[in-house]
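Chemist: The whole structure should be built from the sequences, with the hints applied where relevant.
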Amino acid sequence: MADCCYLDTTVLIEALFKTSRRRRKARAAVQDFAKSLLPVYAIKEMSAGALSYAVWLYNKLSETHSVQRTHDAIVSNIKNPNRVTTSLELLGAASEAFTGADLADARTPAQLDRMLAEMNALSLRRIILNGWRSRRKITTDVVQELDCFPENAPYIDEELHIMTVGKSSCPSNMDCHYASELRRRPSDLNLLLQVLKGSTRREDIRRRKALNVLARTPKRSFDNGNCRGLGDAYFALNCPKNATILTSNQRDHAPLAEALGKSVTPYKWKEE
Amino acid sequence: MSENVISIEEGRGNQTFVGSSRPQVIMGATAATLPVVYAHVSGTTSPESSGAPLSLQQLYPEQTDDSRLLKALNLIERARVTLLDALNSDPTANFLQFDQEIMRARAILLKAFVYRDIGEGYAAVVNAVIWALANRKPGLPSRRQINVILTSMGRLISGPYIHFDTSMQILDDLEEADLDIEPPSLDILIEGFDG
Numbered sequence: 001m002a003d004c005c006y007l008d009t010t011v012l013i014e015a016l017f018k019t020s021r022r023r024r025k026a027r028a029a030v031q032d033f034a035k036s037l038l039p040v041y042a043i044k045e046m047s048a049g050a051l052s053y054a055v056w057l058y059n060k061l062s063e064t065h066s067v068q069r070t071h072d073a074i075v076s077n078i079k080n081p082n083r084v085t086t087s088l089e090l091l092g093a094a095s096e097a098f099t100g101a102d103l104a105d106a107r108t109p110a111q112l113d114r115m116l117a118e119m120n121a122l123s124l125r126r127i128i129l130n131g132w133r134s135r136r137k138i139t140t141d142v143v144q145e146l147d148c149f150p151e152n153a154p155y156i157d158e159e160l161h162i163m164t165v166g167k168s169s170c171p172s173n174m175d176c177h178y179a180s181e182l183r184r185r186p187s188d189l190n191l192l193l194q195v196l197k198g199s200t201r202r203e204d205i206r207r208r209k210a211l212n213v214l215a216r217t218p219k220r221s222f223d224n225g226n227c228r229g230l231g232d233a234y235f236a237l238n239c240p241k242n243a244t245i246l247t248s249n250q251r252d253h254a255p256l257a258e259a260l261g262k263s264v265t266p267y268k269w270k271e272e
Numbered sequence: 001m002s003e004n005v006i007s008i009e010e011g012r013g014n015q016t017f018v019g020s021s022r023p024q025v026i027m028g029a030t031a032a033t034l035p036v037v038y039a040h041v042s043g044t045t046s047p048e049s050s051g052a053p054l055s056l057q058q059l060y061p062e063q064t065d066d067s068r069l070l071k072a073l074n075l076i077e078r079a080r081v082t083l084l085d086a087l088n089s090d091p092t093a094n095f096l097q098f099d100q101e102i103m104r105a106r107a108i109l110l111k112a113f114v115y116r117d118i119g120e121g122y123a124a125v126v127n128a129v130i131w132a133l134a135n136r137k138p139g140l141p142s143r144r145q146i147n148v149i150l151t152s153m154g155r156l157i158s159g160p161y162i163h164f165d166t167s168m169q170i171l172d173d174l175e176e177a178d179l180d181i182e183p184p185s186l187d188i189l190i191e192g193f194d195g
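Sequence order for the protein chains is X and R.
One point on numbering: in the numbering used here, the residue at position 56 of the first sequence is 56, and numbering is uninterrupted.
One point on numbering: in the numbering used here, the residue at position 104 of the second sequence is 104, and numbering is uninterrupted.
If you are wondering where the hints come from, they were derived from the structure by calculation, not from laboratory data.
Among the hints, a few may not be true.
Simulated DEER-style distance windows between Cβ atoms [what the hints assert, rightly or not]: (1) N88/R <-> A28/X: 31 to 37 Å; (2) D32/X <-> G139/R: 27 to 33 Å; (3) Q194/X <-> D165/R: 47 to 53 Å; (4) E145/X <-> P138/R: 46 to 52 Å; (5) M174/X <-> D165/R: 30 to 36 Å; (6) M174/X <-> P138/R: 53 to 59 Å; (7) D178/R <-> S221/X: 49 to 55 Å; (8) E158/X <-> D85/R: 39 to 45 Å; (9) Q169/R <-> K268/X: 28 to 34 Å; (10) R184/X <-> D165/R: 41 to 47 Å; (11) S76/X <-> Q169/R: 33 to 39 Å.
We put the beta carbon where it would ideally sit given N, CA and C, even for glycine.
Modeler: Take a look at the structure:
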């Protein structure tokens with residue numbers, strides 16, 4: 001096993017924005033390596049993805065005052081339908097464990113739901129704020145700073161009682177900080193394009209488009225949309241040769257990394 | 001030397017007892033076993049300058065007539081005493097008694113959560129302790145964990161109007177003691193952003 005890992009966004013999210021058991025497990029996995037590297041690109045992806053979701057979830061719990069209605073909103077807007085039944089059952093069980101208690105002023109299911117929603121919101125608020133504060137403390141090193149990425153913290157708007165994610169996208173119409181360096185590596189870009197050739201998955205189409213901008217139209221500016229589109233390819237391109245990409249998404253990362261002679265170490269939070 | 005200062009040479013033996021006009025000198029081993037009752041000495045320094053803890057009335061002169069705060073603090077104190085009882089019982093010898101105290105403490109804290117409008121810091125700490133107790137593994141919490149919980153509750157009793165950011169340090173201490181302070185339902189809600 002390599003003694004240096006290069007964190008991808010999925011593991012960073014596990015280490016910051018999941019519940020305590022999962023956070024601890026992910027942090028322990030990172031600490032198994034003598035050296036660990038976190039590219040700022042992972043913070044950027046995390047801000048636009050998991051952090052935004054967690055903030056939305058916090059606001060939804062605060063708005064609906066109901067775990068049940070928040071769950072309904074997740075199901076109808078976000079989640080994969082085949083997971084819905086399972087999670088509904090789990091949610092029911094988790095709430096049921098609580099109802100045995102004598103809840104002073106929460107004697108109806110609606111009151112209980114409200115109380116649980118507030119409890120979840122309080123816990124989630126701490127996860128979000130702590131997660132953000134710890135983002136640069138998970139690894140031994142933070143590498144590949146992105147000058148164009150405004151690393152803005154989430155905050156509570158005291159007037160509206162709404163949590164807000166600071167602006168996380170780079171200024172539009174600007175060439176990305178790392179683009180010029182990648183344009184000097186046409187053979188690596190072409191190798192990745194070969195891997196993605198023919199794929200009809202939405203993220204692969206976006207990735208191919210971003211790689212094409214770098215490889216075929218070097219005079220065109222590589223903007224924030226392209227930067228986001230690059231996704232997993234960024235990690236394959238920028239992981240140092242002596243490191244391994246630590247990810248919970250081995251399926252997507254492995255072909256890209258292997259095409260450039262780099263390795264992937266899978267991370268699983270749940271034992272199979 | 002002031003009458004309410006303990007002499008280095010004489011120890012507690014020169015303390016003034018309630019109802020006595022002059023210091024009692026207690027000699028020998030008896031001095032160490034007798035309970036110490038501190039006298040009120042007029043004209044001495046105020047509690048603030050003497051380092052004595054401030055009362056809630058002194059800390060929050062405009063808010064301590066709030067009966068909700070007093071009820072909440074009463075519940076926190078009851079839960080604290082119940083946990084002290086748990087601490088004094090041996091779970092390996094009498095698990096039922098030990099666990100009974102833990103269940104009682106949690107039930108009291110659920111009532112204390114009703115007064116969460118006292119402040120976000122108060123609500124966050126009470127919430128965390130409720131779940132720490134609810135998520136306990138068999139035979140736990142340990143003595144060390146109970147002591148950390150007691151410390152957190154002591155912090156609430158001495159200053160219930162804590163800011164949410166301040167409460168985060170208390171919650172970190174609970175988590176560092178290996179207590180699981182989050183509701184299980186949050187795991188399910190957070191799954192929404194599993195990749």
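Chemist: Each hint should be assessed against the structure and marked as holding or not.
Modeler: The hints, checked one at a time:
no.: 1; hint: N88/R <-> A28/X: 31 to 37 Å; in the structure: 35 Å, holds
no.: 2; hint: D32/X <-> G139/R: 27 to 33 Å; in the structure: 29 Å, holds
no.: 3; hint: Q194/X <-> D165/R: 47 to 53 Å; in the structure: 50 Å, holds
no.: 4; hint: E145/X <-> P138/R: 46 to 52 Å; in the structure: 48 Å, holds
no.: 5; hint: M174/X <-> D165/R: 30 to 36 Å; in the structure: 35 Å, holds
no.: 6; hint: M174/X <-> P138/R: 53 to 59 Å; in the structure: 57 Å, holds
no.: 7; hint: D178/R <-> S221/X: 49 to 55 Å; in the structure: 50 Å, holds
no.: 8; hint: E158/X <-> D85/R: 39 to 45 Å; in the structure: 40 Å, holds
no.: 9; hint: Q169/R <-> K268/X: 28 to 34 Å; in the structure: 32 Å, holds
no.: 10; hint: R184/X <-> D165/R: 41 to 47 Å; in the structure: 45 Å, holds
no.: 11; hint: S76/X <-> Q169/R: 33 to 39 Å; in the structure: 38 Å, holds
Violation of the numbered hints given earlier is absent; every hint is satisfied by the structure.
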